[in-house]
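Given next are the chains, with one letter for each unit.
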Amino acid sequence: MAQEDKENIIDQPEVLRHKMVTVEIAGKKYEVPEGITIIKALWYSGQEVVRGAGCLGGFCGACAAYYRTKDDPKVRTCLACQMAVQDGMSITMMPPFPARKATYDIRTLKDPKQDLFNLYPEAPLCRNCNACTEACPQKIDVREGVWKAVFGDFKSVSEMFMDCVMCGLCTPVCIADIAPNLVALYVSRAQGAHFTEKPVGLDIRINEIQDGRFNDEWTKLLKMNEKELTDHCATVK
Amino acid sequence: MDIHALQQIVHQTRDARRKQTFSKLSPADRDQLIHKYHPDFRESAFRPLRFGPNVGDKTAIELATLLEGDSSVTDGFDLTPDYTTDVLVVGGGGAGCAAALHAHTAGAKVMLATKLRLGDSNSVMAQGGMQISVAPEDSPVTHFVDTLKGGHMQNDHQLLKVMVEEGPSIAKWLLSLGVLFDRDGDGNLHVKKGGGSSKPRLLTCSDYTGLEIMRVLKDEVLNQDIQLLEFCAAVELTSDENGNCTGAIFKDLDNHRNVVVAAKSVILATGGIGRLHIQGFPTSNHYGATGDGLCLSYRLGAKLVHIDTFQYHPSGAVYPEQLIGALVTEGIRSEGGHLVNAKGERFVDELDTRDVVSASIIRECEEGRGIRTMSGRVGVWLDTPLLDVAQGPGTMKKHFPAMMLQFERFNIDISKDPVLIFPTLHYQNGGVKIDTNSETNVKNLFVAGEASGGLHGRNRLMGNSLLDLMVFGKRSGLAAAARAASMLQGTLTVGHLKGFRAEAKKHGRVSGVVSPMILPPYTRKE
Ligand SMILES: Cc1cc2nc3c(=O)[nH]c(=O)nc-3n(C[C@H](O)[C@H](O)[C@H](O)COP(=O)(O)OP(=O)(O)OC[C@H]3O[C@@H](n4cnc5c(N)ncnc54)[C@H](O)[C@@H]3O)c2cc1C
Ligand code: SF4
Ligand code: SF4
Ligand code: FES
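In the order they appear, the protein sequences are chains A and B. Letter by letter, the first sequence follows residues 1 to 237 of the numbering used here. Letter by letter, the second sequence follows residues 238 to 763 of the numbering used here.
A couple of the hints might just be wrong.
Quick list of in silico lysine-lysine cross-link-like pairs, DSS-like style, CA-CA up to 25 Å [unchecked claim]: (1) B:Lys634 x A:Lys227; (2) A:Lys198 x B:Lys735; (3) B:Lys430 x A:Lys237; (4) B:Lys409 x B:Lys540; (5) B:Lys653 x A:Lys155; (6) B:Lys762 x A:Lys220; (7) A:Lys110 x B:Lys680; (8) B:Lys346 x A:Lys139; (9) B:Lys680 x A:Lys29; (10) B:Lys743 x B:Lys295; (11) A:Lys155 x B:Lys635; (12) A:Lys237 x B:Lys436; (13) B:Lys256 x A:Lys237; (14) A:Lys198 x B:Lys680; (15) B:Lys635 x B:Lys430; (16) A:Lys227 x B:Lys261; (17) B:Lys295 x A:Lys237; (18) A:Lys223 x B:Lys398; (19) A:Lys198 x B:Lys429; (20) B:Lys762 x A:Lys19; (21) B:Lys346 x A:Lys223; (22) A:Lys155 x B:Lys429; (23) A:Lys198 x B:Lys540; (24) A:Lys220 x B:Lys436; (25) A:Lys139 x B:Lys653; (26) B:Lys346 x A:Lys101; (27) A:Lys227 x B:Lys398; (28) B:Lys261 x A:Lys139; (29) A:Lys198 x B:Lys762; (30) A:Lys237 x B:Lys635; (31) A:Lys113 x B:Lys409; (32) B:Lys409 x A:Lys155; (33) A:Lys237 x B:Lys261; (34) B:Lys762 x A:Lys28; (35) A:Lys110 x A:Lys155.
What the hints contain is simulated information worked out from the structure, not anything from laboratory work.
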């Protein structure tokens, strides 16, 4: 098994120390090992986690949470599966927030840039407080995105929000009742469906398949016995 | 020694390594390597199933226990339906969303029930991309051949041909819904080269491919008239007197009530098994990847295939401790990142198939050329800074923003420091056996996505899963919807449990567990 060479060892402070820290979860104090993620701290403190955990990899946004570190008045946001606990931390998971999602058929929109104002009439009412940007654990400039959406720069919005995990942390803070992530999702989809070039090569390939361009190759390949197929596969590099 | 001191060898040997070329292993050498070091070949970790449709077939002990497990549904259970629908989709990942959308478009009444929230799944985490042969120099036939080679020639030819041929039209569908695939300067879809593929074929949305596809599909499900049941876990299927599938029983995880759904067909899209931690491996999978669909299908008599093979992704994070098992995307190796042992040497063609690369990493570590952490974990380096060195500063940031951010949260800059990695349990190669309509041998029971088996043979090629989800999600949805139009709802019974329980009893109810697992038991008991 692993080599015994003592030189070749990484010391990880959080493992070496085995130090317990006190954290406050939803107002109650618990002792948990320092440095584990908030979700692991929930499990460690005996809580059954159903809501509040999804991918466990920082992609699904199910684990949106608020936290405050010791003696700091500032309440911050994070993805609980990606945040390590430290002594004196206070943590609360974000409850589901009843933001309104507009419904639409993205493919049949006639004027997507104008439709934004029908679907999300609150979008142009942004009051520039910047709370959404400060709340975003993905470090997206959310406020800027809302403005760009309103001014019709859909392309920039779609690029800025590629990192958006739809955690919704930007919505409860908005004083104008905008759900910036939902606005951005609509805008990004419209950008993809309506304002992005159609790839010519893709249609050519679809037609080739429909026209049976590969039929001879298929017939040959599917008639091969196991040995012939293996040999043939070996020739493709 | 601290991590920075140990990383120096990677920086010191970088220039020399860049001049080195690696020749591919011969088929015989690959086989030997895999047999010696791949976890699938650790005999003691497997056992034959004692009863059921796959009696005598070997599978991982963790999975065997659940497959032979008992149902939570007892005699006298009230099977009056709470809901009635044409098509019931179970699972809210990529396969489930695709199935629901296509069944809905085809005119069926659709319900989608899922264990967590819609989209909380493995699908959102796919970073590497989706294989579709769109490049002029590529073709569906080449895609077929590459996949076959990757799958050790064990793939179901029919399923595979369907998948590679329908790929391009799937890309078109996703584009029409607004998915933002990366483009070349001329507007064509940009393709990247993936491990085990002879041609560049990976469509990507930077390193958020799964997230981008899922954001769009989720939104689309919510825009349509598809009934959604979140936080409801399927715990049993129902059958009529002929053993055909007629619906499912759920447990509402919020209020612990049972929910019975009558459906003309059921599509299980419940995903993989990573959270079973087979052989104690960490995993890249989501919280609900507990193989539930396999247990449900197996009890109803559906045959499984290739359940003795699992995919260990070569690059699971080993450091920092918080990211254990999390994926370090293969894209980094696709772009030339080296794997480096403690001596500063490369030891494998980084773009070989996953089983080969994983086996070689395990070999390095078992033979003492790994880097060990104090928590007893071992790994090798992935030279991430090499990308900025080779392609210019900012490459990592631009091509792998998700990856960079994940490590940044723990104050690690992977464009400057290499990452310590070890194989992580990633994918269930096999699953429930299906035909080209995604139907199992149990009538009206469809299985789509990672829960199904046969398509990928004994090793899935990177990027083929996302395509699998879309193609067989679609096929199952369309087939189920077409069926619904011309049939009556069957009766709801759990008659199939009688036979299953009798078998279990004959074998002394050795398993002793109730399955499916639903969620892994991570909560610490006093
Ligand atoms: C980190 C990571 C990266 C990956 N990268 C790539 C990649 O780059 N390219 C690629 O092609 N593939 C990739 N894969 C593989 C691919 O993402 C998965 O195989 C695929 O997403 C599986 O999709 P699915 O819809 O079958 O299952 P999932 O997406 O896992 O969805 C399963 C759904 O079923 C639900 N469910 C489970 N059990 C029950 C139950 N009992 N009742 C109700 N609902 C239930 C789950 O909660 C979930 O919503 C990756 C996988 C992981 C984990
Ligand atoms: S934009 Fe909003 S929903 Fe998206 S990641 Fe940031 S806070 Fe979360
Ligand atoms: S929180 Fe609302 S009002 Fe404030 S900047 Fe963001 S979108 Fe505008
Ligand atoms: S659980 Fe998905 S982002 Fe944390």
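query: Straight-line Cα separation of Lys237 (chain A) and Lys635 (chain B) no greater than 25 Å?
result: Measuring from Cα to Cα gives roughly 30 Å; hence the hint is violated.
task: Take a quick look at whether Lys198 (chain A) and Lys429 (chain B) sit within 25 Å of each other, Cα to Cα.
output: Within the cut-off at roughly 19 Å; holds.
message: Given the hinted pair Lys346 (chain B) and Lys139 (chain A), is their Cα-Cα distance within 25 Å?
response: Violated. Lys346 (chain B) to Lys139 (chain A) sits at ~40 Å, over the 25 Å cutoff.
- request: Verify the proposed pairing of Lys110 (chain A) with Lys155 (chain A), using a straight-line Cα cut of 25 Å.
  value: 18 Å, holds
message: Between the alpha carbons of Lys295 (chain B) and Lys237 (chain A), is the straight-line distance 25 Å or under?
response: Not OK: Lys295 (chain B) and Lys237 (chain A) at ~33 Å, beyond 25 Å, violated.
query: Under the criterion that the straight-line Cα-Cα distance not exceed 25 Å, is the pair Lys346 (chain B), Lys101 (chain A) satisfied?
result: 22 Å, holds
query: Is the straight-line distance between the alpha-carbon of Lys256 (chain B) and that of Lys237 (chain A) 25 Å or less?
result: 22 Å, holds
- prompt: Is the Cα-Cα distance between Lys680 (chain B) and Lys29 (chain A) 25 Å or less?
  reply: Given that 25 Å is the threshold and the Cα spacing comes to 53 Å, the pair is violated.
field: Proposed proximity, Lys436 (chain B) with Lys220 (chain A) (alpha carbon, max 25 Å)
entry: Status holds; Cα separation ~21 Å.
- prompt: Are the Cα positions of Lys223 (chain A) and Lys398 (chain B) separated by 25 Å at most?
  reply: Roughly 13 Å between the alpha carbons, so the hint for Lys223 (chain A) and Lys398 (chain B) holds.
field: Satisfaction of hint between Lys635 (chain B) and Lys155 (chain A), Cα-Cα up to 25 Å
entry: 17 Å, holds
message: What's the verdict on Lys762 (chain B) and Lys19 (chain A), does the C-alpha distance respect the 25 Å limit or exceed it?
response: With a Cα-Cα distance of about 20 Å, the restraint between Lys762 (chain B) and Lys19 (chain A) holds, given a limit of 25 Å.
Comparing the model with each earlier hint shows violations of hints 1, 2, 4, 5, 6, 7, 8, 9, 14, 17, 21, 23, 28, 29, 30; every other hint is respected.
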